[in-house]
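Visitor: Chains as they are written, first to last, in the working numbering: chain A, 1 to 182; chain B, 1 to 416.
Treat the hints with care, since some could be wrong.
Restraint ranges, calculated between C-beta atoms of paired labels, are given here [as the list claims (entries may be wrong)]: (1) A:M1 - B:E17: 16 to 24 Å; (2) A:V15 - B:A353: 32 to 40 Å; (3) B:G388 - A:V42: 50 to 58 Å.
Calculated pairs, BS3-like style, for lysine-lysine (alpha carbon to alpha carbon, straight line, at most 25 Å) [stated by the list, open to error]: (4) A:K96 - A:K106; (5) A:K106 - A:K139; (6) A:K149 - A:K106; (7) B:K145 - A:K106; (8) A:K149 - A:K139; (9) B:K268 - B:K145; (10) B:K145 - A:K153; (11) A:K139 - A:K153; (12) A:K96 - B:K145; (13) A:K149 - A:K96; (14) A:K149 - B:K145; (15) A:K106 - A:K174.
Everything labelled a hint here was simulated from the structure, so no lab data went into it.
For glycine and all other residues, C-beta sits at the position ideal for the given N, C-alpha and C.
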Amino acid sequence: MTPRLKIAFIVIVAVQVLVLIGFIADREYTLRTGTEVVLQTVPIDPRSLFQGDYVILDYEIATAEWYIDIPVGTTLYLSLTEAGDVWEAESYGESKPPENDAVFIKGTVDRPGHLDFGIGTYFVPEGTGLLVERTSDVKVIASVDDRGKAVIKDVVLDGVPFNEARKLKAEAEKEADPPPQR
Amino acid sequence: MSQLPGNDPFIDRLPAELQDWQDRGIITAEQASDIVASYDLPPDLAQGQKSRGKLITILVVFGSLLVGLGIILFIAANWDAIPRAVRLALILAGIPGVYATGYWLGYVRNFQRVGMAVLLLAAVLYGAGIHLVAQVYNSPVDDPKLVTLWFLGVLPLAYVSRSQVIVVLSQGLFLLAIGYWVFEWIDGPDEGLAIFGFALYMTLGALLYGLGKLQSRFDFTRDYAGSYEIVGIIVMMGAVFLLSFRELHDPDFDWEFGVDLEVTTNLKVLFFLAGAGTVASMAGAAVIRMKNDLPLSTLIYEAGAIALSLVIAYLVVFAHSGNNALYPILFNLLLFAGIIGLVFAGYSWRREAFINLALIFFGLDVFARYFEFSWGLLDRSLVFIVAGLVLLGGGYLLERGRSSMVDRMETQGDES
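Chain B extracted, bound-state conformation (with noise of 0.2 Å):
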């Protein structure tokens, strides 16, 4: 029998419902539109509440992203006429008053998704307030240490205000930290310096997976897991893209390599440190399932390939003996096999945000590798025609696998 909301209670609360817990993760798309199958309900009475919950969302974040911007850009052009006391007494008051309007609106009023965007203004405003401060004392703005603050003061607002979007900024500010460090640590650009930050970065996106495989096995913290396992594909898969370039790898260039490499010992150690606790994280994740007599099953595939994709890291920096061949060759492999595992990954796992990624990686590696090779070999014009006609029957071809790939998961899923 046809269900219709205002009928029934529990109807009239599902669709909503099934919008909360797609958000948290409890359930996937599929499995919400099965659900609504199941009550003969319009069928899009789930994807509609999705979607018209993300574009709400997306429209509040772009919204208080730009009010930030032009909050920073109109003190910065009139920062000058602003005398330091009420410079400083402006930053002081703005960023708990921006706060406490983001907490009324997201949990007094009970308007979620304008209240999480205005916490993510007042949390950007705080970090560009750390940067007003030190230009009021004309300290150095590129210090490493105003970053580090930042995300320091927003990595536990994430977990309090309960906000994807905030835990994505705490990872790109955790990550633009580092490399600020990097960039200290660092005598000068002649010293390897791509090579090493693109490895270090592999590392780190390592560690982030890792972290977000331990975090899926607490309630506290399953909410988030899913975003540090897809930030960590992007920075592990993107930087392994970097590496596959021949010419980073070409003793012409004038890096230096292996055991000549002047890395200081900072570097060193913040290198082990992120290997170690991609490790701890994955064997924590494992030793908790293991305690919850849950099998170990594909953890064992993914803890071999992160410690693949470490060892990796660890011989290019380490161990390089400038050859320009092996390395290139080296890396395409493993972005190949990263390719292949994402989409056997999403596959198994039902997750198509994997499937879109090796999409994504697949298409940026024919791009690159077609010019790479043919830049030298054919005429530009040719070139780029050839690409064009390459990219739109690549694209075809991916379109029709991937609504293919989806079907077959969906239908999986109906006869499970």
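So here's chain A without its partners, still in its complex pose (with noise of 0.2 Å):
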């Protein structure tokens, strides 16, 4: 390899490394400063062959009147408020809201009437997506920052966070059906 194609060759390498870097940066900034928010869910369950279970979900304020005949590929802000253990869509825009204070979600019209915020995918262990699939309630916490975007921090199923729910799933299995006695 030549000289110049060596110093390329490193410089890819490099650039990859810092796309990956970078990645993982942007996903931290949103966890560490952004604000935490409980939104309702109706989960789908389909399979990922190659990354295990996943649960596809979508959420109550996804949907409304609103965007109806808002083009499709549209962005829109929606502005949050607290209203009981959730937070629910006060308002949107086609810009982030001017108040300094204000908690929004950042979202894209992906189908007529409806909101993709990014967040529509949970990855769970092999084998315990239809514990999801099966909770009649089903939130997720998620940080929001103050660009709009977000990431799901935990999933809670009839009031209980998604890990303490498959150790407890996993313990009544366990109980219901003991090992065999010589």
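Combine both chains into one complex, guided by the hints.
Guide: What follows is the structure, given as structure tokens:
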């Protein structure tokens, strides 16, 4: 390899690593600096071949009459307000709310009357997707930053955080089906 | 006088040089055989080296892909047990580590094929890393930006590493990224997605072919021109083949056609950019040939064929009338013309790959048309029996015809 190509090779590998670091930094920024919000969801459960199970999540605030006539691909900013144990959409606009302390989430119209917030997927360990699907009340705890970007922090099933719910289910299965005795 | 390896340093080096020249596309296999014959060397010397080289390449490439797949599956299966920080550290350290290993094997220890295969593994792991980071943060893994980032990272690597396999990987990623964006921009499958998608890929195939012709004019990129041309032909002909099916144009399928087709601006822009890129590439190749006082020769015919394909692609998307008789005929004619064109091009330029592609698409076309027309007319068992007999007979005739075409090419080469 010529010296020039060697340098180019090193630069390319460095850029690839920087892309990954940038991706991680972007998500970590949202998790560490964002406001924690709880959103009401409706789950659907497909399967990803190479990544174990994942759950597709849809949100109550994602569907509204407000967005019906807005063209697909439009970016909207939803102002959120706390209402009981969840956060709800208060208003929307095509630019960020002007108030400094406003909590808002950014979404894109992916089909008429529906917004995609980029938090529609939650990866779960293999075989545990049904746990989410069979739960009647699923809420998502997300961190939303000052750009409106959101990252999922946890999923709550009937008031119990997901990992705890998994452990309880595993214990219940063990009690219901004890090992055979000699 | 017969020359044997071991008597002359030049003769000793010749087989390796022949192999290197073939790998770089400087000479064809037939020319290598001619050179070997002119020194009265054993005829299998050139082919033997090339065959061994090809076998090693195939083995190591498969090996690296299997390792990559295994790593991805292992990490995916045990992801939950690994803390987030460790997962991210594995990705950030692992990828440059594999790149370093590939570089050391390929350029320091001079195990070129194994080194290239490990670099290929690193390129695959880079893409896997992007998607695994997305998974760590529960971001959608079908986001088109992820595959686009993967493609943009691999493309310059292909040219720097001088690896044909990584070039082909970059072409595949390009086509995959476009597919992801198309699904992002299309509102749903009821909007002529199939017709639009295949017509778009026809245009993308033409773009890759045009880029191949342009790259053949520059020393640094000449080695890759062939793969761009071959991949471009496969994508174009594949799209035309899929568009030749009658059912695709049937109004009862409830596709929307012509001016009613709800295509977003992004898709229209992509379509026109691909076409403009193709025209620019072919024009660029022609200009450079003219500047070097080289005849335009077959470039004119290639440009004509590409232009015709682009016009048909645009017409079928933006002016489709829903006529389910005209369009299958049109695309079948285009497919047939493409097959004939490939045979002539392969014969004229002594490129066996073109003839092989022509025969593959001919076989696919015959197969598809037979099943399309006979399925409803004959008893199913009879359909399969007749199809099998036709394939056996067709295979025999094609093999005989192909052998005689290749023999004729070699004979013409000897005479010249």
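Visitor: Any of the earlier hints contradicted here, and which numbers?
Guide: 15
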